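Chemist: According to our numbering, the sequence shown is numbered sequentially starting from 173.
Derived by calculation from the structure, the hints in this document are not laboratory data. Since we're looking at a predicted model, the values are computed, not measured. Backbone N, C-alpha and C define an ideal beta-carbon position, used for all residues, glycine too. Keep in mind that the hints are not guaranteed to be accurate.
Quick list of simulated restraints, FRET-style, between CB atoms [unchecked claim]: (1) Ser780 with Thr554: 47 to 55 Å; (2) Cys419 with Lys372: 26 to 34 Å; (3) Glu682 with Gly776: 32 to 40 Å; (4) Leu222 with Thr330: 42 to 50 Å; (5) Glu364 with Phe192: 53 to 61 Å; (6) Pro684 with Leu490: 37 to 45 Å; (7) Leu325 with Cys419: 27 to 35 Å.
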Amino acid sequence: MLRVNTMPEISPHINIYRQFIEDLPMAAYVFDEGGYVQYYNRKATELFGLAPVPGREKWSAFWKVRSGQGLLPDEKALSAEQSAALDIPLDRPDGSRRYVRIYQRSINVGEGQRSYRVHLVTDVTEGRSNEEKTMLLAAIVQSSEDAIISKTLEGIITSWNEAATRIFGYTAEEMIGQPVTKLIPQDRLDEEPVIIERLKRGERVEHFETQRMTKCKRLIDISLTISPVKDSAGNVVGASKIARDICEQKNTARLIREREELFRMTVESTNIGSWEFFPDTGRITWSDESRKIWGIDYNIPLTVTFLQSLVFKGDGELLKRKALQTAEEKEGRFDAQFRIRRADTGDLRWVKVQGKALFSEKQEPKRFIGTMLDITADKTFTERLEQIVNERTRELIELNQQLKRSNDELGQFAYIASHDLQEPVRKVQTFAGLIERHLHEPRLLEHYTRRIKAASGRISKLLRGVLDYSRLSHLTGRVQDVDLNLVLKEVLNALRPETERLQAVVQSDELPVIQGNPDQLYHLFYNLISNSLKFCTKPPMITIAVSRLHHRQTEIVFRDNGIGFEQQYAEKIFHIFSHLNPVDQYDGTGIGLALCRKIVENHGGMISATGVPGEGAAFYITLPAR
Numbered sequence: 173m174l175r176v177n178t179m180p181e182i183s184p185h186i187n188i189y190r191q192f193i194e195d196l197p198m199a200a201y202v203f204d205e206g207g208y209v210q211y212y213n214r215k216a217t218e219l220f221g222l223a224p225v226p227g228r229e230k231w232s233a234f235w236k237v238r239s240g241q242g243l244l245p246d247e248k249a250l251s252a253e254q255s256a257a258l259d260i261p262l263d264r265p266d267g268s269r270r271y272v273r274i275y276q277r278s279i280n281v282g283e284g285q286r287s288y289r290v291h292l293v294t295d296v297t298e299g300r301s302n303e304e305k306t307m308l309l310a311a312i313v314q315s316s317e318d319a320i321i322s323k324t325l326e327g328i329i330t331s332w333n334e335a336a337t338r339i340f341g342y343t344a345e346e347m348i349g350q351p352v353t354k355l356i357p358q359d360r361l362d363e364e365p366v367i368i369e370r371l372k373r374g375e376r377v378e379h380f381e382t383q384r385m386t387k388c389k390r391l392i393d394i395s396l397t398i399s400p401v402k403d404s405a406g407n408v409v410g411a412s413k414i415a416r417d418i419c420e421q422k423n424t425a426r427l428i429r430e431r432e433e434l435f436r437m438t439v440e441s442t443n444i445g446s447w448e449f450f451p452d453t454g455r456i457t458w459s460d461e462s463r464k465i466w467g468i469d470y471n472i473p474l475t476v477t478f479l480q481s482l483v484f485k486g487d488g489e490l491l492k493r494k495a496l497q498t499a500e501e502k503e504g505r506f507d508a509q510f511r512i513r514r515a516d517t518g519d520l521r522w523v524k525v526q527g528k529a530l531f532s533e534k535q536e537p538k539r540f541i542g543t544m545l546d547i548t549a550d551k552t553f554t555e556r557l558e559q560i561v562n563e564r565t566r567e568l569i570e571l572n573q574q575l576k577r578s579n580d581e582l583g584q585f586a587y588i589a590s591h592d593l594q595e596p597v598r599k600v601q602t603f604a605g606l607i608e609r610h611l612h613e614p615r616l617l618e619h620y621t622r623r624i625k626a627a628s629g630r631i632s633k634l635l636r637g638v639l640d641y642s643r644l645s646h647l648t649g650r651v652q653d654v655d656l657n658l659v660l661k662e663v664l665n666a667l668r669p670e671t672e673r674l675q676a677v678v679q680s681d682e683l684p685v686i687q688g689n690p691d692q693l694y695h696l697f698y699n700l701i702s703n704s705l706k707f708c709t710k711p712p713m714i715t716i717a718v719s720r721l722h723h724r725q726t727e728i729v730f731r732d733n734g735i736g737f738e739q740q741y742a743e744k745i746f747h748i749f750s751h752l753n754p755v756d757q758y759d760g761t762g763i764g765l766a767l768c769r770k771i772v773e774n775h776g777g778m779i780s781a782t783g784v785p786g787e788g789a790a791f792y793i794t795l796p797a798r
């Protein structure tokens with residue numbers, strides 16, 4: 173409990189001031205030349221939290237009080253300095269701190285002019301706190317990365333921080349007192365009246381994205397947050413505006429959108445689907461392409477059980493092992509190829525799924541993400557390619573035997589060529605001798621002359637065939653896009669008299685366009701069709717069918733209803749000078765089908781044949797697709 177101050181009887185002169193001091197609205201105290209307190213009022217007791225004994229205690233005996241300049245207030249007063257107001261911190265007995273402002277004055281009283289010192293003390297704690305807050309706020313405003321601008325309701329700028337200078341290029345001196353419309357582009361001037369009206373209603377404008385003009389006339393993207401400023405009566409008198417430069421943010425967002433669009437286009441162009449799986453909840457999300465691959469309608473919910481039911485039975489265990497391995501491995505990579513039954517059609521498809529597990533802080537898989545792709549076409553092609561490779565491997569194993577056979581065939585070719593060429597020559601010589609002996613017999617002369625012409629004609633055909641065959645050692649001449657439909661049309665025009673005579677019917681699918689030599693391809697079609705016309709005993713029926721083996725090869729099949737052949741001769745018919753039928757019954761050189769094989773091989777393809785005696789033959793040609 174504070175003691176009531178009792179002033180000692182020190183002087184009738186000082187007592188004159190006693191009532192005056194007591195009635196002061198601020199703390200006051202009086203001390204003598206020795207620094208001893210003579211009197212203090214009730215306000216001083218309340219402020220300092222102490223009641224010193226007058227005449228016995230000095231001002232310096234008060235609680236922790238320092239001026240910060242090395243002198244106590246009473247010491248400064250006793251030095252006869254008439255200083256201005258002095259602000260000092262004051263630590264009260266209860267542990268609280270107050271800031272006080274001391275006004276000090278020396279007075280002389282009485283006949284001997286005794287000196288006293290008077291201190292008037294006011295509590296400035298609240299004012300100092302507000303001042304510190306103001307200074308802190310000012311520091312925050314100046315150090316902010318955002319432009320902070322204040323303006324009147326008329327749009328006149330009243331404050332401008334350093335960030336505003338950095339963003340807009342104008343200094344505070346250039347902009348304070350200027351209209352804020354100086355920053356607004358012409359096409360956005362209508363924004364300011366709308367903002368002002370909202371502020372007048374006391375509304376706050378938040379995150380308003382727009383554009384403003386810098387000092388160098390460059391448009392920048394900014395985000396505005398504008399708050400109304402009110403006076404003590406609550407009236408809106410101005411606005412505080414925070415402007416954030418979002419150019420980099422906008423550019424980043426634009427780049428993200430562009431990359432997302434590029435990614436989306438890339439995914440769509442490659443038919444790749446994406447997927448997500450959350451093991452904690454079992455939630456599954458798929459892209460449209462993923463649902464398309466599995467044939468699942470968009471209205472059907474995705475569950476693990478449902479998807480497992482679509483996985484081909486033999487691949488289910490493999491898929492489970494892959495999933496468990498992914499969850500256990502640190503990298504968490506997932507890569508599997510398996511078969512599914514489409515939900516809509518039941519078709520069997522091959523799917524390639526790749527993904528990655530994302531782990532929680534506890535190293536538990538919390539999310540799986542990845543892609544999927546229908547690889548059925550690639551698998552089919554690979555299987556077919558493997559089949560072809562296996563076939564080629566078997567062919568390579570037989571290469572030595574084939575080489576030996578080729579050498580044997582070469583010797584046979586020399587023998588047959590010699591025989592076939594010499595046989596018509598001998599006929600010419602024989603019939604020439606007979607003509608000499610029967611010069612006077614016109615009937616015989618005419619007969620022998622016809623036989624000589626026939627033999628010489630056969631020699632001519634054989635020579636042309638041999639020359640044609642020798643010229644086809646490799647693909648020569650023009651190599652270009654060849655429309656086989658046009659080739660077929662030219663061949664049928666050339667064979668029209670024969671087809672009409674035999675009442676032949678030729679039916680064909682739409683033929684492809686391939687890369688090749690048009691002249692050689694013409695001979696290929698000509699020989700195959702004329703061969704079917706030649707070896708027939710009834711009106712010929714010739715069909716030409718086309719099928720795509722895969723994206724790299726086309727198969728063309730020529731079928732007829734001719735005399736056919738034994739299947740054991742399917743290879744022999746392609747040998748040069750090979751005859752399965754008597755020459756006098758079916759005229760020919762034995763070179764036509766050998767030429768066909770050479771032409772097909774020149775174009776990177778293969779030719780084979782099947783036949784049934786009395787039913788017909790079929791020739792299978794495989795050529796590279798365009």
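Chemist: Look at each hint and say if it fits the structure.
Modeler: These are the hints, each one checked on the structure:
Between Ser780 and Thr554 the Cβ separation comes to about 24 Å, which falls outside the hinted range of 47 to 55 Å. In this structure, Cys419 and Lys372 meet the distance hint of 26 to 34 Å, their C-beta atoms being roughly 31 Å apart. Distance hint check for Glu682 and Gly776: the Cβ-Cβ separation is about 22 Å, which falls outside the suggested range of 32 to 40 Å. Between Leu222 and Thr330 the Cβ separation comes to about 47 Å, which falls inside the hinted range of 42 to 50 Å.
Between Glu364 and Phe192 the CB atoms are about 59 Å apart, so this pair conforms to the stated range of 53 to 61 Å. Checked against the given bound of 37 to 45 Å, the beta carbons of Pro684 and Leu490, roughly 40 Å apart, stay inside it. Distance hint check: the CB atoms of Leu325 and Cys419 are about 29 Å apart, consistent with the given range 27 to 35 Å.
Consistency note: the structure conflicts with the earlier hints numbered 1 and 3.
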